[in-house]
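Chains as they are written, first to last, in my numbering: chain A, 1 to 250; chain B, 1 to 250; chain C, 1 to 250; chain D, 1 to 250.
Hint data in this document are derived by calculation from the structure and do not stem from the laboratory. Heads up, a few of these hints could be off.
Because identical chains share one entry, a pair is satisfied inside a single copy or across any pair of copies.
[Stated by the list, open to error] Derived pair list, reagent style DSS-like, types lysine-lysine, alpha-carbon separation capped at 30 Å:
#1 Lys228 / Lys149
#2 Lys52 / Lys149
#3 Lys245 / Lys149
#4 Lys174 / Lys149
#5 Lys103 / Lys174
#6 Lys228 / Lys103
#7 Lys245 / Lys52
Protein chains: 4
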Amino acid sequence: MPDSTPSVGTAAPVSGGAVERAVLEDLAAASRILADHGVFDASGHVSMRHPKHPERFLLSRALAPALVTVDDIMEFSLDGEPCEARGRSAFLERFLHGEIYRKRVDVMAIAHGHPAAVIPFGVTGTPMRAMSHNAAFLAPGVPVFDIRKAFGATDIVVGSPEKGAALAEVLGDKSVVLLRAHGFVAVGPTLPAAVFRAVFTEVNARIQLQATLLGGPIAALDAEEGRKADAVNLATVGRSWELWKRRVTP
Amino acid sequence: MPDSTPSVGTAAPVSGGAVERAVLEDLAAASRILADHGVFDASGHVSMRHPKHPERFLLSRALAPALVTVDDIMEFSLDGEPCEARGRSAFLERFLHGEIYRKRVDVMAIAHGHPAAVIPFGVTGTPMRAMSHNAAFLAPGVPVFDIRKAFGATDIVVGSPEKGAALAEVLGDKSVVLLRAHGFVAVGPTLPAAVFRAVFTEVNARIQLQATLLGGPIAALDAEEGRKADAVNLATVGRSWELWKRRVTP
Amino acid sequence: MPDSTPSVGTAAPVSGGAVERAVLEDLAAASRILADHGVFDASGHVSMRHPKHPERFLLSRALAPALVTVDDIMEFSLDGEPCEARGRSAFLERFLHGEIYRKRVDVMAIAHGHPAAVIPFGVTGTPMRAMSHNAAFLAPGVPVFDIRKAFGATDIVVGSPEKGAALAEVLGDKSVVLLRAHGFVAVGPTLPAAVFRAVFTEVNARIQLQATLLGGPIAALDAEEGRKADAVNLATVGRSWELWKRRVTP
Amino acid sequence: MPDSTPSVGTAAPVSGGAVERAVLEDLAAASRILADHGVFDASGHVSMRHPKHPERFLLSRALAPALVTVDDIMEFSLDGEPCEARGRSAFLERFLHGEIYRKRVDVMAIAHGHPAAVIPFGVTGTPMRAMSHNAAFLAPGVPVFDIRKAFGATDIVVGSPEKGAALAEVLGDKSVVLLRAHGFVAVGPTLPAAVFRAVFTEVNARIQLQATLLGGPIAALDAEEGRKADAVNLATVGRSWELWKRRVTP
Chain A
1 MPDSTPSVGT AAPVSGGAVE RAVLEDLAAA SRILADHGVF DASGHVSMRH
51 PKHPERFLLS RALAPALVTV DDIMEFSLDG EPCEARGRSA FLERFLHGEI
101 YRKRVDVMAI AHGHPAAVIP FGVTGTPMRA MSHNAAFLAP GVPVFDIRKA
151 FGATDIVVGS PEKGAALAEV LGDKSVVLLR AHGFVAVGPT LPAAVFRAVF
201 TEVNARIQLQ ATLLGGPIAA LDAEEGRKAD AVNLATVGRS WELWKRRVTP
Chain B
1 MPDSTPSVGT AAPVSGGAVE RAVLEDLAAA SRILADHGVF DASGHVSMRH
51 PKHPERFLLS RALAPALVTV DDIMEFSLDG EPCEARGRSA FLERFLHGEI
101 YRKRVDVMAI AHGHPAAVIP FGVTGTPMRA MSHNAAFLAP GVPVFDIRKA
151 FGATDIVVGS PEKGAALAEV LGDKSVVLLR AHGFVAVGPT LPAAVFRAVF
201 TEVNARIQLQ ATLLGGPIAA LDAEEGRKAD AVNLATVGRS WELWKRRVTP
Chain C
1 MPDSTPSVGT AAPVSGGAVE RAVLEDLAAA SRILADHGVF DASGHVSMRH
51 PKHPERFLLS RALAPALVTV DDIMEFSLDG EPCEARGRSA FLERFLHGEI
101 YRKRVDVMAI AHGHPAAVIP FGVTGTPMRA MSHNAAFLAP GVPVFDIRKA
151 FGATDIVVGS PEKGAALAEV LGDKSVVLLR AHGFVAVGPT LPAAVFRAVF
201 TEVNARIQLQ ATLLGGPIAA LDAEEGRKAD AVNLATVGRS WELWKRRVTP
Chain D
1 MPDSTPSVGT AAPVSGGAVE RAVLEDLAAA SRILADHGVF DASGHVSMRH
51 PKHPERFLLS RALAPALVTV DDIMEFSLDG EPCEARGRSA FLERFLHGEI
101 YRKRVDVMAI AHGHPAAVIP FGVTGTPMRA MSHNAAFLAP GVPVFDIRKA
151 FGATDIVVGS PEKGAALAEV LGDKSVVLLR AHGFVAVGPT LPAAVFRAVF
201 TEVNARIQLQ ATLLGGPIAA LDAEEGRKAD AVNLATVGRS WELWKRRVTP
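Only chain A is shown next, with the shape it has when bound in the complex (with noise of 0.2 Å):
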């Protein structure tokens, strides 16, 4: 959400290594990708590990998420601290990002953002389930992260590494944890596999909220199903990244 330009006391943590043209290029396209999807509207950010250096990811600097190009692509440590900032601005939320990669291991790719269809399940009691085979990674469960619980009355961002954190104590083994009143974080082994989370999050939402309107139990895909469909979507991830990175890129 907000941005801040890094602090400028201490040294600036090393650079994990220079990062080939085509992955900043993609790591760009995903951020255009969710706005063209309507997961990120004017805020809302996506990230990816440095593929050298896992205690380095990679963020673009804080800009409008349909905007973003390579030339916007920043380095952080884990702690949120830019490699180079050259007076660019850095997402306030940056520590999200590197407190969850901290934490997981398995995580290359985190997205973070609130469409409208999946905050009144950050602010209400209804558990968010997997109403079809793309959202098989919701299948685990996703829990409700309420900054007040730890933190009282804030200005709702994630903008230290103790609220990053949190948050990624709360995700716990999980792929996408909701924020309260708030939006949404999901994570993936692959920045593709990130992107297709965030999207089916959000389309999951739309299902389980008609779901919900027509009444009765929810027919939900189960654990087994899940893990067994999930498979089969990291595996085929392909054909819907190449489709929307072409509608994305000029």
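Keeping the supplied structure of chain A fixed, place chains B, C and D upon it in accordance with the hints.
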């Protein structure tokens, strides 16, 4: 959903013969039409029976439906074996098509997708009914296929002849079958009819969701009204088809 | 909905005379406006009374409304007979227009469509009410025409003078009538007024669905507010009309 | 909503002075932004206080908001008298703007529209609450102005200084007021802030409708969270503004 390289151990089935380019163009357009209407997202597929050989059908290779063109169309036997793979990946769910063509000699085209508004009817006990004349094909009833019943906890994919046959069995003599936690299949006596039915299955789902919200009994089409209105729709489907095709033709 | 080649056994009715091209362009634009707003899908039609002859009306040939241009406009008697068919197919539901013009001398234009949000009000017992000033024309009440009452199980099409007259009877002196399991008809004292009413019938349906979801009594416009607000709307409809027309004019 | 030619019997008020073209361009863009976001339809208007004269404000002539450019901007006294009409029609609801500027010296910009999702909250007893950080400005409460209370059955238009003053009274010190069976007004300390609030009033309405559907208590932002999050939003509104402006700038 997922794709696979078909087995190559056995001899490929003999082709039903060359198909007119205009027919293939219609089938490719059908794929793009259903993407254009939001019935298909990055996945979904539509097939037609081979015009000259009732035991063959035509279906695109595994590809995002918005991108399908004539060159992507493959030919399959009802067992789902490609007549000429040429290295192209086939949709794993091609068995769904083959087994319905086997069981239903009246069916000439089949569409399968998973739009958000339709899925709720497959995971709740609410029967889908025909809310208006355009959905007359639903008036005889809309069965739900729950893959768990015969196959236990699966990856949801209709990925074998056995699963396809079980689905065809539940479809029976109807025009649409819902797939629990997955999507739906619509069939028709012509390609435009199957596309029309897929489009209006999605529209009807939205209407019924809203009618449910208003509460009270719903004065849906009865069986006789459905039969009569369906005849009108089949006679006039060309008007929708021409408009929709024009929208997806470069 | 469906179309037919009008009977040719009897002499064609005499034309009401040439109509200014600008008037025909407005009528064709009205058709495209209603498609552009999603009030019409691949079907739907809008007509106007002949400016010089109250017993004639103008309506496009049977064609997807998004495609209508001046050359598609046909002229009909109130009996639905074309003055000059020239091989063009007429909408079978032209009788709906003719019979309303016959019964309602104040009506100068009529639109008929079946948007998803409106149909629920025709299949449930929930009366449509005026949720805001723009829907003031609904404040006097919105009757529902159930074709089963007089005609039993039909194909739903208002395809004869008798059915058109029965619909006109239910419309009475109101501005909008809902057709059970079919759609709606909106009428107005001018073409822009009828288009405005068709657009805001659809918008009002969405608003009332949402207000119903919130629960509790709804403080809709009362009859006197409706009368006063409608006068304002009729006086200022030109602003909407000009904007909407611009959007569909190449 | 409606427009009128302002009275010419009295001397026109003296202008507050020339306004920079960039400021006027921002105001015209604000109008187009709100149309682009669906907050405005063919009507709706947004104004700003004159930068050099607190008793003057700037508002487009009566025109569809999507079409507004710099040349359409007029200047008015708080009484709603144009400084220089030059034959242009003024919005009749300009009084709404003038009276709020009179009562609220902190308000620098005002937007008024009637999106479908917001109206339900004005016709039912459900209070609108802040569903997420972006809607923090709603946390202090959202009053409802029912024009019937003081004026009986009207045409709903806020078409006189008296009606504008009554609306301003109900607004009080809040950021948004709902108008029964009509729409809403959002105010802000800057033009981008008022636009942001108008956009997120609409988004928040959609979120709250969906949260209501899920049922149970809603953990909305509390007053202190709202205060803190609003400060963040006001500090970072430029990111949304730049993106949105870019989208409506040729």
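Going down the list of hints, with the structure as the test:
no.	hint	verdict
1	Lys228 / Lys149	between (35 Å within a copy, 17 Å between copies)
2	Lys52 / Lys149	neither (36 Å within a copy, 47 Å between copies)
3	Lys245 / Lys149	neither (39 Å within a copy, 38 Å between copies)
4	Lys174 / Lys149	both (20 Å within a copy, 28 Å between copies)
5	Lys103 / Lys174	within (12 Å within a copy, 42 Å between copies)
6	Lys228 / Lys103	both (25 Å within a copy, 29 Å between copies)
7	Lys245 / Lys52	within (24 Å within a copy, 39 Å between copies)
The structure shown violates the earlier hints numbered 2, 3.
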